[in-house]
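With chain A held as given, fit chain L with the ligands onto it using these hints.
2 protein chains.
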Amino acid sequence: MADQAKPKKQLHLAAFMRPVSLHSGAWRYPGAYPDANFNLSHLKSFIQKLEAAKFDAFFMADHLAVLNMPVEALKRSHTVTSFEPFTLLSALSQVTTHIGLAATASTTYDEPYHVARRFASLDHLSGGRAAWNIVTTGNPETALNFSLDEHVEHAERYKRAREFYDVVTGLWDSFADDAFMRDQETGVFFDPGRLHTLNHKGENFKVKGPLNIARPVQGWPVIVQAGQSEPGKQLAAETAEAVFCAPRDLESAKALYADIKGRVEAAGRKREHLKLLPAVFIVVGDTVEDAKEKRLKVDSLVHHETAIASLSVALGQDASKFDPDSPLPDLDILDTNASKTGRAGVIKLAKEEWLTVRQLAGRYGGYSGLSFVGTPETIADEMATWLEEEAADGFTVVSPFLPEGLDAITDKLVPELQRRGLFRKEYKGTTLREHLGLPRPKNRFFE
Amino acid sequence: MADQAKPKKQLHLAAFMRPVSLHSGAWRYPGAYPDANFNLSHLKSFIQKLEAAKFDAFFMADHLAVLNMPVEALKRSHTVTSFEPFTLLSALSQVTTHIGLAATASTTYDEPYHVARRFASLDHLSGGRAAWNIVTTGNPETALNFSLDEHVEHAERYKRAREFYDVVTGLWDSFADDAFMRDQETGVFFDPGRLHTLNHKGENFKVKGPLNIARPVQGWPVIVQAGQSEPGKQLAAETAEAVFCAPRDLESAKALYADIKGRVEAAGRKREHLKLLPAVFIVVGDTVEDAKEKRLKVDSLVHHETAIASLSVALGQDASKFDPDSPLPDLDILDTNASKTGRAGVIKLAKEEWLTVRQLAGRYGGYSGLSFVGTPETIADEMATWLEEEAADGFTVVSPFLPEGLDAITDKLVPELQRRGLFRKEYKGTTLREHLGLPRPKNRFFE
Ligand SMILES: Cc1cc2nc3c(=O)[nH]c(=O)nc-3n(C[C@H](O)[C@H](O)[C@H](O)COP(=O)(O)O)c2cc1C
Ligand SMILES: Cc1cc2nc3c(=O)[nH]c(=O)nc-3n(C[C@H](O)[C@H](O)[C@H](O)COP(=O)(O)O)c2cc1C
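Note that the protein sequences, when read in sequence, are chains A and L. Each position in the first sequence, counted from 1, maps to that position plus 406 in the working numbering. Each position in the second sequence, counted from 1, maps to that position plus 406 in the working numbering.
Be aware that a few hints might be false.
Note: identical chains are not told apart, hence a pair may lie in one copy or across any two.
[What the hints assert, rightly or not] Using 16 angstroms as the maximum straight-line C-alpha spacing, the simulated EDC-like pairs for lysine to aspartate or glutamate come out as follows:
1. 614 - 547
2. 614 - 556
3. 565 - 609
4. 703 - 591
5. 612 - 555
6. 667 - 795
7. 612 - 547
No wet-lab data here; the hints were simulated from the structure.
For reference, chain A alone in the conformation it holds in the complex (with noise of 0.2 angstroms):
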């Protein structure tokens, strides 16, 4: 009876999908599509595969420049053209009913207007499934292509970003949910008392207003939030309602966790109106062994002298004067420029997993972060200590290679979770905020 009273805590379940893979070899993966970040047919393919496994929402991650890297590097990712999000995911909104369609946008290169707009535009096209990544964008190439000779600096980027979260809001809320009536009789197409004129001046911008669309069909879209610094947790914990980071393990995840609810909680509202979608890489095999094989063989489609200088990167010295098929040399000993902790992170890794320099190399070229490898059972175990130890409410899952390593995901993973209760069977409502468990923002200007 008490089972039935509380229902058991589920996970929610986000798709990272720009780039369809993180992974910087996997489109080179035996059997991957070259070219899934970049063909729709694949790409409505993933996001059918994606629904019919009941996933909270397909996300695509969104950069206002080529990534900025050496050629040499460069000509090697796939991730070099891409779908621009909100013509991509309003394509795919025709072709899907319930998944929730996320897009990021930048506060720094765009305007509130535009962004408020298109994400209203987007949540009435798909019936109430759009969820907004605000972020304040960190690649500072991207201010040479918006006639700036710099970027725009962190705390600055993070100033901007409350005030335009604002505007944002406060434009949606233009038109109360009941102003259009459509009279055909009396001619009266909506009720002007029933339109808010925003008038808003403010540091960094001035908006007038109304918005010229209607209140979306989620009274807001959903606001995610992604940046790790301080100013982006505060931001994070007054703002968003899910958010998507990167711990690098259970503890670290379980700390970022309390953090951002209790702030949560000091901003007064509720935690449960945040939810924490750690992002994590997924490999599934039919054996521990097979999945970790998979991983090491997709690590090793990194092309040696990217992976190298990733490699150097993360240790603070020149990793290509080891042996490349030898096990990683005592470094303990060593002074190198990286951060104690980052340095002790490879040394731990390269141990643990009995990994050769190469192998090494291809892990900090390929994919860094949290992982989950594993059979769908093992993986199923992870995610519900992580749930239940509140390091997260659910993940933002990286796909490791595609299609195959995606379908293992939908096909194997979703079902074991399914088995144990811990992931619906079938989605409840049709609304992102719905399969969120997020309540519908009202009307800051009107009952």
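Chain L with the ligands only, in chain A's frame:
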């Protein structure tokens, strides 16, 4: 034989679809969908009808503010809530296969990197069907939504537009058409020798590039222009491949046609590489009388106060003092502030159509631009004349009310044009450039 050798000149038809009708009484017409402008399933059915009728393109005009009018008029306007063009057209790209997708984007209130990227993305998602209507934005209220106190001045706007175009087309050429080899064996995704970094530094913009998306399917999306001023026409002559214009009648259209085609040649381009498509409001009836009655009916649905205000502007004096149900009194003897030609046009129209003041006001408050009102035969005759006499290469068709008025165009007028060989029966190609008979631009940086 001569006929076979030289195929008959055919019309090009674009549909003006934001708002779905420019007539302010349209949404009140008996049987009209009052929410036609903001209802995705209606818009889907409209574009599918237009595609079945083999229209060249579906055009979303765009404005970055609510229309600039007193709230008493605004509350009667069905334009106040609309989808944003990129989200709508991308959604519609998935329920159509051939029809072109044209959107307005402002060079005054947007950034070239964003605009280049979104049009490239729409072009890829639609298989080569995108077109960009370059506007400098006339509505001064727009400035107030973009942190400016005042609208950018006219000449400045056009200088910025010209440079904006250079940057956007330069960004589209970032990658050679064959840049991407995606060689899984060697791990090389693209040939860096086939990537060009723009490094644009001009008076208004500094844009480094490259764009983070492959060259559009059409090379460049089709360039459209709708400016009517001297700099507007010059910009069109230098850059546009289609022109949306608004001549009042055949004579002025012929003059405009000669003017613009002359400028095109002076700019070193071929006449036939720019298509002139005047906007025309079309009401099809079973008889000419029937069509005229429909037109009077939709005019009568404009609220009288709004209508009288519009007539007063056209006449240059307060029209509310006249008896609404009598003919217009003789005004030749009155002093007015309206331009002589403007006022003369009103008087001519009132006499020709025997209109009362109320009816005349409905015309000015509804839609007072060029119109073809008659049977499929009489309208086809007019269109044929415009084509033969070099007043137009086709039209941008404005529907009077929807769905009925649009259905009459696609189901009655178009078949009549097809019977006469004036309009295609089948699409010959799949891209908008192919429909319009326009060449694919060469990449300016690569063979
Ligand atoms: C899962 C995840 C997704 C992210 N997506 C984007 C993105 O789409 N675009 C972007 O510019 N930055 C993205 N970021 C970077 C963050 O917005 C942020 O800049 C970064 O975490 C550094 O934090 P800070 O900005 O607070 O210094 C993402 C970060 C994470 C962890
Ligand atoms: C058929 C047609 C469509 C137009 N569409 C738009 C539009 O979508 N957005 C806009 O701001 N202006 C639009 N305009 C206005 C023109 O861009 C232009 O501002 C106007 O014709 C005045 O000319 P000028 O800018 O050269 O002074 C349109 C004009 C015509 C004739």
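Verification of the hints:
1. 614 - 547: For residue 614 and residue 547, the Cα distance is within 16 angstroms only across copies (9 angstroms; inside one copy 31 angstroms).
2. 614 - 556: between (29 angstroms within a copy, 12 angstroms between copies)
3. 565 - 609: This pair counts as within: shortest intra-copy Cα distance 9 angstroms, inter-copy 29 angstroms.
4. 703 - 591: between (69 angstroms within a copy, 14 angstroms between copies)
5. 612 - 555: So residue 612 and residue 555 pass the 16 angstroms test across copies only (8 angstroms; inside, 24 angstroms).
6. 667 - 795: within (14 angstroms within a copy, 72 angstroms between copies)
7. 612 - 547: Between copies only: 12 angstroms across, 27 angstroms inside.
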